[in-house]
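All chains should be modelled from the sequences, with the hints used to inform the complete structure.
Straight run, no breaks: the sequence shown in this note's numbering ends on number 1003.
It is worth saying that the hints were derived from the structure and are not from the lab.
Treat the hints loosely; a few may be bogus.
[Unchecked claim] Straight-line alpha carbon distances no greater than 16 Å define the calculated EDC-like cross-link-like pairs of lysine to aspartate or glutamate that follow:
{"id": "1", "residue 1": "LYS409", "residue 2": "GLU250"}
{"id": "2", "residue 1": "LYS497", "residue 2": "GLU566"}
{"id": "3", "residue 1": "LYS435", "residue 2": "GLU566"}
{"id": "4", "residue 1": "LYS676", "residue 2": "ASP597"}
{"id": "5", "residue 1": "LYS497", "residue 2": "ASP575"}
{"id": "6", "residue 1": "LYS860", "residue 2": "GLU803"}
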Amino acid sequence: MAAAQEAVQVEEVVVTGQRASDRDSLLKKRDAVSAVEVVSANDVGKLPDQNVAEAVRRLSGVSVATDKGEGRYLIIRGIEPNLANVTINNQTASAPEPESRNVKLDDIPSALIGSVTVIKSLTPDLDANAIAGQVDINTLTAFDRSKNILSARVVRGTFEATDAKATEGDVSVGGKFGADRQFGLVLAGNYSKRPSVSDDVLAGSRQVVNGIDLPAELDMRSYSPAIRKRSGAVANFDWRPNDDVKLYARLMYSKFDDNETRDRFRFFFPGSAGNYSTLDANGGVITSTSARHLVRLRNEITDTTTLAFGGDFNVGKGVLTVQGTHALSEKKDPIRDEFDYRSTGALTGTFVGTVGMQESLTAGTSALAAGTYNLRQYKQVSRHAEENLNQARVDYRLPMDAWGEGSYLKFGAKYLDRDKFTDATGHVYTRGNGETLVGETDATIPTVYKGRYTFGPTVDYGLARAYFDANKGLFVDSPTDRLIETLGSDFKVVEKITAGYGMASVTRGDLTIIPGVRVEHTDGKTSAIAVTPTSTVNDTYNQFGAYDYTDWFPSLNLKYNISERLLTRAAVTTALGRPNYADLAPTLAVSAADNEVTLGNPDLQPQKAVNFDASLEYYFSGEGGISLGFFHKRIENPIFTSTVRQSGNFGGVNLVNADVTQVTNGDKAQVTGLEFNVQKPLTFLPSPFDGLGVNFNATLVDGKMNVPGRTEKIKLPNQSKRLASAQLYYEKYNFSARLAYTYRSAYLFELNTGDASGASDIYFDKVTTLSARVAYRINKVEIFAEGNNLNDATDYYYYQNRSRFAESETYGRSYRFGLSYTF
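Have a look at this one:
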């Protein structure tokens, strides 16, 4: 009761802007039955966050996996994104990614959301497939606001190194209507176009030449520019005919369209010391090597439609909730084509530096001449992936005031039916020397990566494609490569999950106890196509697998109000992580020439976890709060890719000591961490400084797992040891300003189990970013300016230690300016 009374007192304080969003988020966190973090709709747009992932990454314990500098997947407490469950309006979100269960959060424009809640300790009414946690995305409804809704925003922006302009706009309108205001409708739409230029340099692999650790190549990639378009719409209808019935319909649509032309220059570092005139720790002179110039045209389109119906009904003394959802996600790559021009003759070059990235590379004259390169290969690939997701759930909540005021009993069931497939078509055309790049080049890029590496002529895709179409008879369509590209990644998965649960919430004075149990039965069937020397492109599914298991998930959540403003939480929960679809598919690819086999694994076991959480939260007498949390996860059956030497019959082919690669289960893993969070408006300062406020959170994580062949435990993939986010803001006199800082330390990006030394493991280096926003409000109109990645952060990857460069990408700063109107 004390906590509830305090919440009412805080609610009476009238604030706006950043303070309002922080207050709303803290109230939801304080009232929650388990450990959660919340992003309020008021906070969306206060920083240049173009999608849901970027809006959420500033929460405690949360980081993001990025693509081209944009947040894509959430990493919660250092656990891989595949192990986070994402819901939209309380129903499982569809995953358009062909290979994994990851939900791409960069597909969803941030302007369409009402709130996002990250749930870190589960209760039995939540899906168990959430070792990392659950991300609840809710769209705005008319009954969320007391007044009508009308807002609009237009934005223009620019990105460094390109004259192309970014454009964004969104509008939301809605309200309650009818004689008794029993109907509610919200309509929202968003469109954005983001052009960006980035330079990406890869090492390919590492090699030791005459005692010097060198990259196998410098693979330079220039995007000029990549165009990303996002569009989305929300239509939410509510009908409350009487006090006992609440009905609703929810429609959400999002589309992500990514177009890019990638120019590529691959300059190879010889593996023999005889091809260097000088070579030492400071650099070297290459006297004989080869290179390639390539161009790739790619279009990726992802669209997701989610339609949900449901209602709340007062039945007897309790509330019956019924929900049904259909979601369709498609990912299409209608074009993913690449032309490959390869050098003739011995090329030369000079490079400086062997520790980390090379400080510079100057290719010789011949390496920069279009006449040196001949068209040797044209790779033509298209792909279509689709997921149909149907689900229904029913919940019944019965008040049990005899157990204590606010106590209740809750039970329910859920059924989920997922049908997913991916289908690719590909050709690899080759030809001998004859056609040089002279006829298909239209421009030269002098240097890339801030002037450090020479690049040379680029391939004009249109001219190269015209030449191919006019001279197709000169090319050979490789039957082996065609099989691999057309059949190798095709699969189908049908998965059905049936779940039921029972739980109680018992409040005795200041203590709330929530015990319960959930049971989930998983039944799946998988299909794939074997790729062997006897396969043909007309083959249909001929490899089949199945999996079937039932799991019980007990849990206990405790919440104790120590005083009016101090509370503590503790929880012991259980969860699982189902394997990725592509790993479950019974794929089989046999290369007798290379003595290699790649296998899927329908027998892969889900990961299982026991989770321990504890926290202490203090809420200040005015606004703001401070919290400290501890968590520990024990994970069984961690999943990783293994390569072993094995003899046997594979798809009718007998091989001896073949390299067999397959995703398998390991033994155990564990993650332990501390979280600290503080939010405080500095209203105690004298005017005008009382408009200042600060938000800060930090997370320390330590995770290890056992991997066969390694003598020591290794870090979990995607697990950073340190995370931090800080925001300093000012709001007064209709003026607002906000500076945000985010940091995460390095993490293991790719584990190579074939190398027991760990020298081939790839790490993603630490990243620090700065963003800012300033705005001025005139009545209902706000004028604003935003800057993102103001410190010009780059993505840097390395093998085992920072001195062994693997990849680095730079994408520059971006700026946006705009107007918004809020009624």
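How the hints compare with the structure:
With a CA separation close to 13 Å, the supplied pair LYS409 and GLU250 stays within the 16 Å bound. Our distance criterion of 16 Å between C-alpha atoms is broken by LYS497 and GLU566, whose separation comes to about 43 Å. At roughly 14 Å between alpha-carbon atoms, LYS435 and GLU566 fall within 16 Å of each other, so this suggested pair holds. Distance check on the hinted pair: LYS676 and ASP597 sit about 5 Å apart at the alpha-carbon level, within 16 Å; holds.
Proximity of LYS497 to ASP575 is assessed by CA-CA distance (about 14 Å); at most 16 Å being required, the pair is judged to hold. Proximity of LYS860 to GLU803 is assessed by CA-CA distance (about 7 Å); at most 16 Å being required, the pair is judged to hold.
Comparing the model with each numbered hint stated earlier shows that hint 2 is the single one that does not hold.
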